[in-house]
Amino acid sequence: MRVEIKPKPLTREAFEKFGEVIEKENMDSLVINRGYAEKFEVCNMDTNEENGNLCLHIYIGKKREFPLHIDMLEKHPFFSQTFLPRSKEPFYSVVALGGREPDLSTLEVFETNGEQGILLNKGTWHFSLLCIKDKEEFFVIDKVSTKQKGKNLVECIEHNIEDKEIYLIKE
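At position 31 of the sequence shown (counting the first as 1) the number is 31 in the UniProt record's numbering, and the numbers step up by one without a gap.
Keep in mind the hints are simulated off the structure, nothing from the lab.
Incorrect hints may have been included.
Heads up, simulated DSS-like pairs for lysine-lysine below, C-alpha to C-alpha not over 25 Å straight-line [to be verified]:
1. K24 to K164
2. K164 to K17
3. K17 to K135
4. K122 to K24
5. K133 to K88
6. K88 to K8
7. K164 to K63
8. K135 to K8
9. K8 to K63
10. K6 to K135
11. K62 to K8
12. K135 to K39
13. K39 to K62
14. K6 to K39
15. K8 to K170
16. K62 to K170
17. K39 to K24
18. K39 to K8
19. K88 to K164
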(Lines of atoms letter the chains of each structure in order from A; the text may use other names.)
(Lines give C-alpha, C1' and ligand atoms only; values in the text may rest on other atoms or scores of the structure.)
Protein backbone atom coordinates (compact mmCIF):
# COMPACT_ATOMS: atom_id res chain seq x y z
CA MET A 1 0.00 0.00 0.00
CA ARG A 2 1.39 3.39 -1.03
CA VAL A 3 1.61 6.05 1.69
CA GLU A 4 2.02 9.70 0.72
CA ILE A 5 3.47 12.26 3.12
CA LYS A 6 3.41 16.02 2.66
CA PRO A 7 5.65 18.65 4.21
CA LYS A 8 4.40 20.92 6.95
CA PRO A 9 5.97 24.15 8.18
CA LEU A 10 8.91 23.72 10.52
CA THR A 11 8.08 25.10 13.99
CA ARG A 12 9.78 24.64 17.34
CA GLU A 13 6.72 22.97 18.83
CA ALA A 14 6.16 20.51 15.98
CA PHE A 15 9.85 19.51 15.74
CA GLU A 16 10.81 19.33 19.45
CA LYS A 17 10.49 15.54 19.78
CA PHE A 18 13.07 15.13 16.97
CA GLY A 19 15.47 17.95 17.86
CA GLU A 20 15.67 21.73 17.75
CA VAL A 21 14.84 24.41 15.19
CA ILE A 22 17.78 26.74 14.72
CA GLU A 23 16.67 30.33 14.23
CA LYS A 24 17.13 33.55 16.12
CA GLU A 25 13.49 34.66 16.01
CA ASN A 26 11.93 35.10 19.47
CA MET A 27 15.20 34.29 21.24
CA ASP A 28 17.01 36.22 23.92
CA SER A 29 20.46 37.45 23.05
CA LEU A 30 23.50 38.74 24.84
CA VAL A 31 25.41 41.82 23.72
CA ILE A 32 29.14 41.04 23.58
CA ASN A 33 32.39 42.51 22.22
CA ARG A 34 31.75 45.89 23.83
CA GLY A 35 28.43 46.25 22.05
CA TYR A 36 29.64 45.35 18.56
CA ALA A 37 28.09 41.89 18.41
CA GLU A 38 24.95 40.12 19.51
CA LYS A 39 25.17 36.46 20.57
CA PHE A 40 22.31 33.95 20.30
CA GLU A 41 22.58 30.50 21.89
CA VAL A 42 20.65 28.61 19.24
CA CYS A 43 21.26 24.94 20.11
CA ASN A 44 23.22 22.62 22.35
CA MET A 45 24.83 19.72 20.52
CA ASP A 46 25.09 16.36 22.26
CA THR A 47 28.71 15.23 21.99
CA ASN A 48 29.14 13.41 25.28
CA GLU A 49 30.29 10.12 23.77
CA GLU A 50 33.96 9.19 23.70
CA ASN A 51 36.19 8.72 20.67
CA GLY A 52 35.34 11.68 18.52
CA ASN A 53 35.66 15.36 17.72
CA LEU A 54 33.20 17.96 16.48
CA CYS A 55 33.63 18.76 12.82
CA LEU A 56 32.22 21.52 10.61
CA HIS A 57 31.48 20.28 7.08
CA ILE A 58 30.13 21.97 3.97
CA TYR A 59 27.58 19.84 2.10
CA ILE A 60 26.38 20.69 -1.42
CA GLY A 61 23.03 19.05 -2.11
CA LYS A 62 21.46 18.01 -5.38
CA LYS A 63 17.85 18.72 -6.29
CA ARG A 64 15.45 15.82 -5.73
CA GLU A 65 12.59 14.78 -8.00
CA PHE A 66 9.09 14.36 -6.56
CA PRO A 67 7.24 12.28 -5.68
CA LEU A 68 10.29 10.92 -3.85
CA HIS A 69 10.41 7.34 -2.57
CA ILE A 70 11.54 7.38 1.06
CA ASP A 71 13.42 4.10 0.86
CA MET A 72 15.70 4.31 3.88
CA LEU A 73 16.20 6.10 7.17
CA GLU A 74 19.43 6.59 9.08
CA LYS A 75 20.41 7.61 12.58
CA HIS A 76 23.52 8.67 14.43
CA PRO A 77 23.35 6.83 17.75
CA PHE A 78 26.18 8.65 19.52
CA PHE A 79 25.82 12.32 18.57
CA SER A 80 23.43 14.99 17.38
CA GLN A 81 23.75 16.50 13.92
CA THR A 82 23.13 20.11 12.84
CA PHE A 83 22.21 21.44 9.38
CA LEU A 84 22.53 25.18 8.69
CA PRO A 85 21.56 26.38 5.20
CA ARG A 86 24.06 28.68 3.47
CA SER A 87 21.92 29.06 0.34
CA LYS A 88 18.90 30.60 2.12
CA GLU A 89 16.61 28.15 0.31
CA PRO A 90 13.93 25.97 1.94
CA PHE A 91 14.73 22.29 2.36
CA TYR A 92 12.85 19.26 3.69
CA SER A 93 13.60 17.11 6.71
CA VAL A 94 12.00 13.65 7.00
CA VAL A 95 12.26 12.37 10.58
CA ALA A 96 10.95 9.58 12.80
CA LEU A 97 11.33 8.32 16.34
CA GLY A 98 12.32 4.78 17.21
CA GLY A 99 14.89 2.56 18.84
CA ARG A 100 16.65 -0.26 17.00
CA GLU A 101 14.31 0.39 14.07
CA PRO A 102 12.39 3.51 13.06
CA ASP A 103 8.78 3.78 14.25
CA LEU A 104 7.14 4.63 10.93
CA SER A 105 3.93 5.72 12.68
CA THR A 106 5.91 8.77 13.89
CA LEU A 107 7.28 9.65 10.43
CA GLU A 108 6.92 13.36 9.63
CA VAL A 109 8.32 15.75 7.03
CA PHE A 110 9.05 19.43 7.66
CA GLU A 111 9.77 22.29 5.28
CA THR A 112 12.11 25.03 6.48
CA ASN A 113 11.65 28.65 5.48
CA GLY A 114 15.21 28.97 4.13
CA GLU A 115 16.41 30.85 7.21
CA GLN A 116 15.96 27.95 9.64
CA GLY A 117 18.41 25.21 10.42
CA ILE A 118 17.80 22.01 12.35
CA LEU A 119 19.55 20.03 15.06
CA LEU A 120 18.68 16.33 15.00
CA ASN A 121 18.76 14.74 18.44
CA LYS A 122 21.13 11.85 18.99
CA GLY A 123 19.39 8.73 17.66
CA THR A 124 16.69 10.50 15.61
CA TRP A 125 15.89 8.53 12.46
CA HIS A 126 16.00 10.70 9.33
CA PHE A 127 16.19 10.58 5.55
CA SER A 128 19.26 11.92 3.80
CA LEU A 129 19.66 15.57 2.78
CA LEU A 130 16.58 16.73 0.83
CA CYS A 131 17.14 19.77 -1.37
CA ILE A 132 14.38 21.40 -3.39
CA LYS A 133 16.82 23.30 -5.62
CA ASP A 134 20.14 22.22 -7.09
CA LYS A 135 23.46 23.02 -5.42
CA GLU A 136 22.05 24.09 -2.06
CA GLU A 137 24.88 24.54 0.43
CA PHE A 138 24.83 23.69 4.13
CA PHE A 139 27.13 23.92 7.08
CA VAL A 140 26.80 20.56 8.86
CA ILE A 141 28.16 20.07 12.36
CA ASP A 142 28.54 16.55 13.67
CA LYS A 143 31.05 14.22 15.19
CA VAL A 144 33.96 12.52 13.46
CA SER A 145 35.08 9.33 15.14
CA THR A 146 38.61 8.61 16.18
CA LYS A 147 40.01 5.19 16.94
CA GLN A 148 40.96 4.37 20.48
CA LYS A 149 42.27 0.99 21.63
CA GLY A 150 41.19 -0.71 18.40
CA LYS A 151 37.57 0.46 18.64
CA ASN A 152 35.80 2.61 16.09
CA LEU A 153 32.65 4.60 16.87
CA VAL A 154 29.61 3.65 14.77
CA GLU A 155 28.76 6.94 13.10
CA CYS A 156 25.64 6.02 11.14
CA ILE A 157 23.11 3.19 11.09
CA GLU A 158 20.93 2.78 7.99
CA HIS A 159 17.59 1.00 7.90
CA ASN A 160 16.08 -0.09 4.57
CA ILE A 161 12.35 0.66 4.15
CA GLU A 162 12.16 0.23 0.35
CA ASP A 163 9.24 -2.18 0.66
CA LYS A 164 7.09 0.33 2.61
CA GLU A 165 6.19 2.46 -0.45
CA ILE A 166 6.37 5.80 1.37
CA TYR A 167 6.47 8.79 -0.98
CA LEU A 168 7.14 12.45 -0.26
CA ILE A 169 4.78 14.62 -2.30
CA LYS A 170 5.89 18.18 -3.00
CA GLU A 171 2.99 20.62 -2.76
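Evaluated hints:
1. K24 to K164: 37 Å, violated
2. K164 to K17: 23 Å, holds
3. K17 to K135: 29 Å, violated
4. K122 to K24: The hint holds at about 22 Å.
5. K133 to K88: 11 Å, holds
6. K88 to K8: Given pair K88, K8 holds - Cα atoms ~18 Å apart, limit 25 Å.
7. K164 to K63: 23 Å, holds
8. K135 to K8: 23 Å, holds
9. K8 to K63: This hinted pair holds, its Cα atoms lying about 19 Å apart.
10. K6 to K135: Satisfied, since the Cα-Cα distance of roughly 23 Å is no more than 25 Å.
11. K62 to K8: 21 Å, holds
12. K135 to K39: 29 Å, violated
13. K39 to K62: Violated, because 32 Å separates the two Cα atoms, which is more than 25 Å.
14. K6 to K39: 35 Å, violated
15. K8 to K170: 10 Å, holds
16. K62 to K170: 16 Å, holds
17. K39 to K24: Between K39 and K24 the Cα gap is close to 10 Å, so the pair holds against 25 Å.
18. K39 to K8: 29 Å, violated
19. K88 to K164: 32 Å, violated
In summary, the numbered hints that this structure violates are 1, 3, 12, 13, 14, 18, 19.
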